[in-house]
Amino acid sequence: MPDHIQLEKIDDYRWRIPKSYKPGMRVPGLIYANEKLLESIYKDKALEQVANVAFLPGIVKYSLAMPDIHWGYGMPIGGVAATDIDNGGVVGAGLVGYDINCGVRLVKTNLQYDDVKDKLEDLTNRLFSDVPAGVGSEGNIKVGAKEEKQILLKGSRWAVENGFGTEDDLECTEENGAIPGADPEAVSERAFQRGKAQSGTLGSGNHFLEVQVIDQLYDREACDTLGLNLGQVMVMIHSGSRGFGYQICEDYARKMVEILPKYKINVPDRQLACAPVNSSEGKAYLGAMRCAANYAWANRQCLMHLARQAFEKVFGLSWQKLGMFLIYDVAHNIAKIEKHEVDGLKKNLCVHRKGATRAFGPGDPAIPQRYRKIGQPVIIPGDMGRNSYLLVGTQKAMEETFGSTCHGAGRLMSRTASAKSTSADMLLKELRSKGIIVKASGRKTVVEEAPKAYKDVNEVVDVVHNAGIGKRVCRMRPLGVVKG
Amino acid sequence: MAHFFLLKNPMKNYEVLEHTADIGIRVKSSSLEGLFKSAGLALVELCAKKQKNQFPEKHKFVITQKAANVEELFINWLNELLSLSSAEALIFEDIKINQINEQFVDAIATGTDSRNYKTNVEIKAATYHQLKVQKVKSHWQAEVIFDV
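Chains as they are written, first to last, in our numbering: chain R, 1 to 484; chain L, 485 to 632.
Fair warning: there could be bad hints in the mix.
Claimed, not checked - Some chain R residues well away from chain L (every beta-carbon gap over 10 angstroms; in silico): (1) ARG16; (2) GLU148; (3) ALA253; (4) ALA273; (5) GLY442; (6) LYS444.
To be verified - Derived DSS-like pairs (lysine-lysine); straight-line CA-CA distance at most 25 angstroms: (7) LYS444(R) <-> LYS602(L); (8) LYS117(R) <-> LYS429(R); (9) LYS61(R) <-> LYS196(R); (10) LYS544(L) <-> LYS602(L); (11) LYS616(L) <-> LYS255(R); (12) LYS544(L) <-> LYS196(R).
To be verified - Pulled a few chain L residues facing chain R out of the computed Cβ check, cut under 8 angstroms: (13) ILE507; (14) ASN560; (15) VAL605; (16) TYR612; (17) VAL632.
Bear in mind the hints are in silico, worked out from the structure with no lab data behind them. Note that the Cβ used here is the ideal one computed from N, Cα and C, for glycine as well.
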């Protein structure tokens, strides 16, 4: 049990940090977890961070934590915080994080496991060679300086206009692949410099491209709507805004620390530095953050295009014939202006999701027409040895979590500890014995990203499903993994 | 739980600090100048290893940073090194501090093409999370967590 925070149990999946825990908390903390996950959550200081987030000016209802919560910097990874824009609500660069619009997309195919099992080695190798990955990797999709601004404004649409996808892809992307209000003038020259040559690159660390197979169906109606079946081969892509986004976060995190006295904001951790949404600094950050978000959507659109081309080469059929249609693309590091009900009133909120996914329920106009009946698809990547999930958003998430749910498995072990506990050779052999082929730019990444470094995503998803803030649709297991 | 361990190589003048999601360092020096220099070079050592000298040309950059206090200056300094290194696609191999106090640093960083290096980890930024920069008796000590 914790030596510092006593949580109040609400039910088996909800735990409260009372407002009285720390003077200065404006709202209580609310943690979604079961007893087993709480044991690992107690091991670091993530709960203290949930309490610290509750200090933010204008925060409403709760400082929320999803079951994949882990210790971040300032705000925990797996945190959600919404602030009331019309009541001094703030926006913070550190509340979104460095990898702005890090996110996931899921692509279906009409291939079955039997169609790929003998070609899996070729397919994984082809994906590895055709999709640029790794630290500082440069993309094959070259962009001129003039076009760069178009990417920031148009996001995925820029990619589609340049032949890297279809209108259909845009419909199946959160915000249709471009959040309005992007302001390239709010982006520093250095950010442009850091972002150059990285369009169409996967990046490193926990970013990946996976070939997966559906091994469990949970919701027949949703699967029918999405055109999914047992044994179907899927492609999942996890990437973000690369150096471009890091620089925007850094520029504004620095600025926000400097202007804390100007707005008389007191936060217990400088990494929580923020500015009122309606201030010039808050507006500039949102304008720049949206540029990075759009850059990330364009990036994932390009990555999907490269993956489709790799499949075409291996199977000798067009991607359309292979049925490689986008299911959905979600952001899991972002701040969005959304309307939600607070104390019976609809309010304009700035919803920060840092390691959390939007999960809007059925009927919401922000969801593509084709999915409106079932709710917004939510993609939850797991580690490279276990499972990933497809969920849909729920009405309960709209009521309790500003339409948010978890984003992945969540780290359990530090990168160093993980690297020390296993060797790359052993791990690759073990994964191969489970039928999983891994190709990575660096062997260090492989051991740092070992499955045991992560919480069990099955546990995490179990909590959000049972708490009602996400509904299981189907589960995938990895077959071929490409890592940076 | 975060804990410290000493790297085996006694020549290194920093320790690696473990953190659930990220990685950090603890640096000690008898002077502020030494602290900033060691932290900057530790940053390079954490993420890149020299493998060849195919692109030997050296590139020099003047780095000038100011801040309200020594902790913010330390973060600004490390982030400028990271950002410049990423934007210019080079790895800094030498740092010369020209002038430093608790609110100001002026230095020259010299680097070569990053293609000479094998990069193992991409550090996105130095964070304020659990940041400590302080004078302990006669020496300076800093602890910083990087987002990777």
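Given TYR612(L) as an interface hint, is its Cβ closer than 8 angstroms to any Cβ of chain R?
holds (4 angstroms)
If you draw a straight line from the CA of LYS544(L) to the CA of LYS602(L), is it 25 angstroms or shorter?
holds (21 angstroms)
Exercise. Just double-check GLU148(R) for me: nearest Cβ-Cβ distance to chain L has to come out over 10 angstroms.
Key: holds (14 angstroms)
Worksheet entry | Distance rule for ALA273(R), whose beta carbon must clear each one in chain L by more than 10 angstroms | Violated, because the least Cβ-Cβ distance between ALA273(R) and chain L comes to about 8 angstroms, which does not exceed 10 angstroms.
*Per the CB criterion, is VAL632(L) less than 8 angstroms away from chain R?*
holds (6 angstroms)
Point to revise | Minimum Cβ distance from ARG16(R) to chain L greater than 10 angstroms, as the annotation requires | key: Holds: least Cβ distance 23 angstroms, greater than 10 angstroms.
Next item on the list: May I ask you to test the interface hint for ASN560(L) with respect to chain R, counting a Cβ-Cβ separation under 8 angstroms as satisfied?
Entry: Status holds, d = 7 angstroms.
Report holds if the minimum CB distance from LYS444(R) to chain L is greater than 10 angstroms, and violated otherwise. violated (5 angstroms)
Q: Decide, holds or violated, for the assertion that all CB atoms of chain L are farther than 10 angstroms from the CB of GLY442(R).
A: violated (6 angstroms)
> Quick one, are LYS61(R) and LYS196(R) close enough, alpha carbons at most 25 angstroms?
Replying inline: violated (40 angstroms)
Satisfaction of the VAL605(L) interface hint, Cβ to chain R closer than 8 angstroms: With a closest approach of 7 angstroms, the VAL605(L) hint holds.
Original post:
Against chain R, is ILE507(L) within 8 angstroms by beta-carbon distance?
Top reply: It holds, given that the least Cβ distance between ILE507(L) and chain R is near 6 angstroms, below 8 angstroms.
When held up to the earlier numbered hints, the structure conflicts with 3, 4, 5, 6 and 9 and fits the remainder.
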